[in-house]
Amino acid sequence: MGFIDAICFVLLGSVVPGLLGIAFLLQHRVGGFINIGLGGLVVLGAFVLSKSVGVFGLNVATATVLCIMACSLVALAIEVTVFRSLARARADGARLLLVSLAVYLVIANLVDLAAGGVTASIMLDDSTGTISRFGPLMPWQWLEVAVALMVVAVASVFVRRTATGCMFRALADNVSLAELSGIDSMRVSAVSSVVGGALCGLGGAMLAIDTGVAPSAGLNLVIAGAVAAILGGLRDISGVFLGALAVSGLQQATVWLVGPQWMTLATYAVLLAALSWRRGAVFSRNRADSSIWAK
Amino acid sequence: MDYLAYLLNIFMIFAILSVSLYPLAGLAGQLSVSHAAFFGIGAYVAALASQISGNALEVGLFLSFLSAAGSAFAAGRLIAPMRDDSYVLATFSLQMLVSELFLNLTFATNGARGIAGIQRGEFLGMDLADSWTFLLLAIAALVVVFASSLAIAHSPLGRLLLAIREDEMLAQSLGKDTNRAKRATYSLSAGFAGLAGGLYAHYFGFIDPSSFAAPMSILILSMVLIGGSGSVLGALAGAAVFVTLPELLRFLGFPAPAVGNMQQIVFAALLLAILVWRPRGITERKDASER
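In order, the protein sequence lines correspond to chains A and B. Okay, so the first sequence: first residue is 0 according to numbering that gives the first Met the number 0, each after it adds one. Okay, so the second sequence: first residue is 0 according to numbering that gives the first Met the number 0, each after it adds one.
Think of the hints as simulated: they come from the structure by calculation, not from any bench. Take these hints with a grain of salt, some might be off.
[Stated by the list, open to error] Simulated restraints, written as ranges between beta carbons of each label pair: (1) A:V153 - B:L149: 18 to 28 Å; (2) B:R179 - A:A272: 20 to 30 Å; (3) A:P259 - B:R179: 48 to 58 Å; (4) A:A113 - B:A4: 34 to 44 Å; (5) B:E165 - A:A273: 21 to 31 Å; (6) A:G211 - B:F250: 31 to 41 Å; (7) B:S230 - A:M185: 27 to 37 Å; (8) B:A111 - A:M185: 40 to 50 Å; (9) A:P135 - B:V143: 52 to 62 Å; (10) A:G134 - B:A73: 42 to 52 Å.
[Unchecked claim] A short, non-exhaustive set of chain A residues, derived as facing chain B with CB atoms under 8 Å: (11) V98; (12) T263; (13) A268; (14) S275.
[To be verified] Covered stretches of chain B (chain A as the covering partner; in silico rule of three or more C-beta atoms under 8 Å from a C-beta of chain A): (15) 83 to 95; (16) 99 to 112; (17) 213 to 227; (18) 263 to 273.
Remember, predicted model here, so these are calculated numbers, not experimental data. Backbone N, C-alpha and C fix where the C-beta goes; we use that ideal spot for every residue, glycine too.
From just these sequences and the hints, can you work out the full model?
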């Protein structure tokens, strides 16, 4: 495999961790907690896409929009019914994380039941040999990379330039001050959940098109996103993108050097190393920093 | 009668698991999501020990305890200083890491195919082939773990763990080495989980990585929290719910492949309900204002 091919595969491998990393960052900075439940939404997104195309015969573009909407709605429902009451009760981060794990279990098992344990995927393969590759990647894989880059750009502009993005940053900086200045923290958290859900839906759709998603794969996917966000400094969206490239590079290097079966283990080892290196202070919400969230 | 012995044996094993987490989650308020990893380490070590040392279960169980406690002691160096969500995430990462090792260290674990044909063996000369005889050993192990947990709760260590739960920084300001206490409790707790793993491997005769994956860790913690983390008896009650739920689902007509999913959904939903309704009351006593 040539150097250019390797770069292309690293770029492709960074797409889903990048999208999930942004969702993770939004939830952590705005909602104030680590949301593992996002992994369930990815699995749900992949399932909705595969059923929409395979059973209802929708085209891929329409099915993708449908799965983004479905995941956004589910994320909003979870935010309103579960996380909002916990936020009102000032639950600490550990309990919120535990709740998100329980949410993940509920969604993943419901999808598993509905899918009968089958991997959610749709066939866009080159079995007819009529689709031309551009370099090592298929056309839809390039499209995924392009869409992911566009999402990073749009999300960066959204957080930096729009009124809602300004509210996101205000909440990330200081919840009490933001509420005193008239920002409705519950509404802004709900918006961040909807955006996070949409990103998870998009990530799930991309995975279903590209490799397929097993109902139990959500945890590994969301942790890859979390590691991307952590390596990116848990600050801004472009940092998440760079973190996703690092995660993908690490995973690809593990595949080439040791073997594909160790890829997931390498991701968890990096997470554990990052947590122990900072003595668990990775997630401390020191918001008076120089990141875009504090501007 | 055999079915009853089967149910009682499973209850004893999961009760050991649940009670073993009580000092850590109930007393110290450390919501560890890595217990299934130590449960698995104990099970695999017992399986390997039985292949090497023959039918002497006492050797296997001792090694199960020791290996799980030792692993936790080593990991505790990294994990003990962490707090809140970082602690939960670190224990969760450890769980996932160990799960991957179970899957990929095929020379020892046989990967996803698991290890079959583990004999029940003998314990101090007593043949354990009969489920009722095995139950005696499981009861004895539960009594040891239960008594140890109670002893910890009423010891200076237990009071320090309560202080850590209420205000760790205050405990540190009084000169207490909270990290050492957390690490010791984590190791002991993991050791008991390893013991449960050893019993599990010998009772069922087959183990594979799916029995020791991350959802199991969440379910074990759920047992403690659902039963009521304020008491050892609560942990026992949680284990009873955990064991009887799949049987109830089967009785209600759910197909066997769906029972595992349903069990996880119901337990996660129960956990959600408890955490949502009593977000600060799970590992903390009610404030005076709440009484």
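The hints, checked one at a time:
A hinted range of 18 to 28 Å for the beta carbons of A:V153 and B:L149 is inconsistent with their spacing of about 58 Å. Between B:R179 and A:A272 the Cβ separation comes to about 23 Å, which falls inside the hinted range of 20 to 30 Å. For the hinted restraint 48 to 58 Å between A:P259 and B:R179, the CB-CB distance of approximately 40 Å leaves it violated. About 36 Å separates the C-beta atoms of A:A113 and B:A4, a value consistent with the hinted range of 34 to 44 Å.
In this structure the supplied range 21 to 31 Å holds for B:E165 paired with A:A273, their Cβ-Cβ distance being about 29 Å. Distance hint check: the CB atoms of A:G211 and B:F250 are about 35 Å apart, consistent with the given range 31 to 41 Å. Range check, B:S230 to A:M185: about 36 Å between beta-carbon atoms, so the 27 to 37 Å window is met. Checked against the given bound of 40 to 50 Å, the beta carbons of B:A111 and A:M185, roughly 44 Å apart, stay inside it.
Look at A:P135 against B:V143: about 59 Å separates their beta carbons, and that is inside 52 to 62 Å. Separated by about 45 Å at the C-beta atoms, A:G134 and B:A73 satisfy the suggested range of 42 to 52 Å. The criterion of a C-beta within 8 Å of any C-beta in chain B is met by A:V98, whose closest approach is roughly 5 Å, and the hint holds. Using the Cβ-Cβ criterion of 8 Å, the hint placing A:T263 at the interface with chain B is satisfied: the shortest such distance is roughly 6 Å.
Because the beta carbon of A:A268 sits about 6 Å from the nearest beta carbon in chain B, less than 8 Å, this interface hint is met. Checking A:S275 against chain B: minimum C-beta separation of about 4 Å stays under 8 Å; hint holds. Coverage of a stretch by a chain is defined here by at least three residues with a beta carbon nearer than 8 Å to that chain's beta carbons; for the segment 83 to 95 of chain B and chain A the count is 11, and the condition holds. Coverage of the segment 99 to 112 of chain B by chain A holds in this model, with 4 residues showing a Cβ closer than 8 Å to a Cβ of that chain against a need of three.
Only residues whose beta carbon comes within less than 8 Å of a beta carbon in chain A count, and the segment 213 to 227 of chain B has 5; three or more means the coverage holds. Three residues within the 8 Å Cβ limit are the bar, and the segment 263 to 273 of chain B against chain A gives 7, so the coverage statement holds.
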